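A.B. asks: For chain A, the structure is supplied; the task is to place chain B on it using the hints.
From first to last, the protein sequence lines stand for chains A and B. Quick note: the first sequence uses our numbering, first residue 1, plus one each step. Quick note: the second sequence uses our numbering, first residue 1, plus one each step.
There may be inaccurate statements among the hints.
[Said to hold, decoys possible] Sample of chain A residues with no beta-carbon within 10 Å of chain B, all distances over it, derived:
hint: 1; residue: Lys32
hint: 2; residue: Pro37
hint: 3; residue: Gly53
hint: 4; residue: Asp61
hint: 5; residue: Arg96
[What the hints assert, rightly or not] If you anchor each label on the Cβ, the simulated ranges turn out as follows:
hint: 6; chain 1: B; residue 1: Gly19; chain 2: A; residue 2: Ile86; range: 32 to 38 Å
hint: 7; chain 1: B; residue 1: Glu30; chain 2: A; residue 2: Gln54; range: 23 to 29 Å
hint: 8; chain 1: B; residue 1: Ile216; chain 2: A; residue 2: Ile80; range: 23 to 29 Å
hint: 9; chain 1: A; residue 1: Gly63; chain 2: B; residue 2: Arg13; range: 19 to 25 Å
hint: 10; chain 1: B; residue 1: Thr110; chain 2: A; residue 2: Gly77; range: 49 to 55 Å
hint: 11; chain 1: A; residue 1: Met50; chain 2: B; residue 2: Arg108; range: 49 to 55 Å
hint: 12; chain 1: A; residue 1: Asp30; chain 2: B; residue 2: Glu30; range: 28 to 34 Å
hint: 13; chain 1: A; residue 1: Glu88; chain 2: B; residue 2: Thr4; range: 28 to 34 Å
hint: 14; chain 1: A; residue 1: Glu28; chain 2: B; residue 2: Gln103; range: 38 to 44 Å
hint: 15; chain 1: B; residue 1: Glu30; chain 2: A; residue 2: Glu90; range: 34 to 40 Å
hint: 16; chain 1: B; residue 1: Ile216; chain 2: A; residue 2: Cys67; range: 26 to 32 Å
hint: 17; chain 1: B; residue 1: Gln218; chain 2: A; residue 2: Ile80; range: 27 to 33 Å
For the record, the hints were derived by calculation from the structure and aren't laboratory data. Being a predicted model, the structure only gives us computed values, none of them experimental. C-beta: ideal position from N, C-alpha, C; glycine also.
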Amino acid sequence: MFESEVEAGGADKHHGVPEFQEVHVDKELDLKGKVCPYTFVESMLALEEMEIGQVLRVIVDSGPSACDVPKSLTREGYEILEVGKINETEWAIVVRNKEFE
Amino acid sequence: MKLTEEQIQRYSRQIILPGVGGKGQRKLAEARVFIMGAGGLGSPAALYLAAAGVGTIGLADSDRVELNNLQRQILHRTCDVGLLKVESGKTTLESLNPEVRVQIHPERVTSTNVREIIRSYDLCMDGSDNFPTRFLLNDACYFEKKTLISGAILRFHGQLSTFKPHAGGHCYRCLFPEPPPPGMVPSCQEAGVLGAVAGIIGLFQANEALKEILGIGQSMVGRFIEFDALNLSFCELKIQRNPQCPLCGENPTIKELIQYSQTCTLEPVVEAQWGMI
Numbered sequence: 001m002f003e004s005e006v007e008a009g010g011a012d013k014h015h016g017v018p019e020f021q022e023v024h025v026d027k028e029l030d031l032k033g034k035v036c037p038y039t040f041v042e043s044m045l046a047l048e049e050m051e052i053g054q055v056l057r058v059i060v061d062s063g064p065s066a067c068d069v070p071k072s073l074t075r076e077g078y079e080i081l082e083v084g085k086i087n088e089t090e091w092a093i094v095v096r097n098k099e100f101e
Numbered sequence: 001m002k003l004t005e006e007q008i009q010r011y012s013r014q015i016i017l018p019g020v021g022g023k024g025q026r027k028l029a030e031a032r033v034f035i036m037g038a039g040g041l042g043s044p045a046a047l048y049l050a051a052a053g054v055g056t057i058g059l060a061d062s063d064r065v066e067l068n069n070l071q072r073q074i075l076h077r078t079c080d081v082g083l084l085k086v087e088s089g090k091t092t093l094e095s096l097n098p099e100v101r102v103q104i105h106p107e108r109v110t111s112t113n114v115r116e117i118i119r120s121y122d123l124c125m126d127g128s129d130n131f132p133t134r135f136l137l138n139d140a141c142y143f144e145k146k147t148l149i150s151g152a153i154l155r156f157h158g159q160l161s162t163f164k165p166h167a168g169g170h171c172y173r174c175l176f177p178e179p180p181p182p183g184m185v186p187s188c189q190e191a192g193v194l195g196a197v198a199g200i201i202g203l204f205q206a207n208e209a210l211k212e213i214l215g216i217g218q219s220m221v222g223r224f225i226e227f228d229a230l231n232l233s234f235c236e237l238k239i240q241r242n243p244q245c246p247l248c249g250e251n252p253t254i255k256e257l258i259q260y261s262q263t264c265t266l267e268p269v270v271e272a273q274w275g276m277i
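In isolation and in its complexed conformation, chain A is listed as follows (with noise of 0.2 Å):
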């Protein structure tokens, strides 16, 4: 579902934002076994630790968490990149970190 949804966005769009593979990942984080809120937060946490403009990729394996998350993550202000399902259990969140206040 999630796949499907950012493919068709994508495809519209020659210039805009970048492929899933394309974007340069600065830092993989291993969510998988966690549910929400500990999703959020450590996703949170490393966002916090990174520097402003570094992406960061996330990995989860709940279904609520890879909807969640990048709500959350949205709300609070970062950009969400890409959202695709990885494999038939797992969700990658591609988000890049932002500079508040």
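C.D. replies: Coordinates of chain B only, in the frame set by chain A:
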């Protein structure tokens, strides 16, 4: 300092708050808060500061737990009667959150030791049960340039303010230049106090302490709140620094700490006046 898995779980509900995050949680862990009095105001304040992960909490109280304290002083249990309040409080706080360091000051806080005691803390909170201590702590915080979060209760009423005269705010003496004459203000022993009112004001103090540490929200500096529990109403006053203040005014007359004597000598354990536990 990287947060551990256990810390992330323990504090997750506040880490996700705007203005807190991992950085805020680390500020809390590094913070040192001094609480004058382990009674009606100090109890709820200390519990919530410990729960929030404030790294070091100083508790000062020379009294022992009495049965009549338990109606409002929720740091202590029935089995603690007879123990020093700071010992009982330390046990309770450490069982709630073993990460918190509780430093105890069981000695009587006086003009000779107060500055030394508060010096190592970032922030002070007044939950004292008598006017001499209240004025002493206010003056000591002024001289040591410490922010003082003040709370006071009697019957169904409470007061709250934050004193930061070193940063342009007012102090307790800007409002009340001198202690009231003995007998003018009834004590809690004479007038009574509802335990929940102590809880409300003590938690307002804890909330203000957390805001000061995190640097979020609107400080109570320059503001004074009067709380009426029976009507559940608040009256807020804007307070400016008093140029005539004998302590922080333009021509101060108080240059050193004053040791006022206790106004009540009838009971072995003085249990407070207005503004007290």
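A.B. asks: Each hint: holds or not?
C.D. replies: Now the hints, each set against the structure:
The Cβ of Lys32 (chain A) lies farther than 10 Å from every Cβ of chain B, with a closest approach of about 14 Å, so its non-interface assignment holds. Not every Cβ of chain B is farther than 10 Å from the Cβ of Pro37 (chain A); the closest lies at roughly 6 Å, contradicting the non-interface assignment. Its beta-carbon lying about 18 Å from the closest one in chain B, Gly53 (chain A) satisfies the requirement of being farther than 10 Å from that chain. At the 10 Å boundary, the C-beta of Asp61 (chain A) stays outside the reach of chain B, the nearest C-beta of that chain being 17 Å off.
Every Cβ of chain B is farther than 10 Å from the Cβ of Arg96 (chain A); the closest lies at roughly 17 Å, confirming the non-interface assignment. At about 34 Å, the CB distance of Gly19 (chain B) to Ile86 (chain A) agrees with the hint of 32 to 38 Å. The beta-carbon spacing between Glu30 (chain B) and Gln54 (chain A), approximately 26 Å, falls within the hinted interval of 23 to 29 Å. Separation of Ile216 (chain B) from Ile80 (chain A) is about 25 Å and conforms to the stated range, judged on CB atoms against 23 to 29 Å.
Range check, Gly63 (chain A) to Arg13 (chain B): about 22 Å between beta-carbon atoms, so the 19 to 25 Å window is met. Separation of Thr110 (chain B) from Gly77 (chain A) is about 51 Å and conforms to the stated range, judged on CB atoms against 49 to 55 Å. The hinted range of 49 to 55 Å is satisfied by Met50 (chain A) and Arg108 (chain B), whose Cβ atoms lie roughly 51 Å apart. A C-beta distance of roughly 29 Å is found between Asp30 (chain A) and Glu30 (chain B), which places it inside the suggested range of 28 to 34 Å.
Checked against the hint of 28 to 34 Å, the C-beta distance between Glu88 (chain A) and Thr4 (chain B) comes to roughly 32 Å, which is consistent with it. Taking the beta carbon of each, Glu28 (chain A) and Gln103 (chain B) are about 42 Å apart, inside 38 to 44 Å as hinted. Checked against the hint of 34 to 40 Å, the C-beta distance between Glu30 (chain B) and Glu90 (chain A) comes to roughly 37 Å, which is consistent with it. Between Ile216 (chain B) and Cys67 (chain A) the beta carbon distance is about 29 Å. The supplied range of 26 to 32 Å therefore holds.
Look at Gln218 (chain B) against Ile80 (chain A): about 32 Å separates their beta carbons, and that is inside 27 to 33 Å.
Hint compliance for this structure: hint 2 alone is broken.
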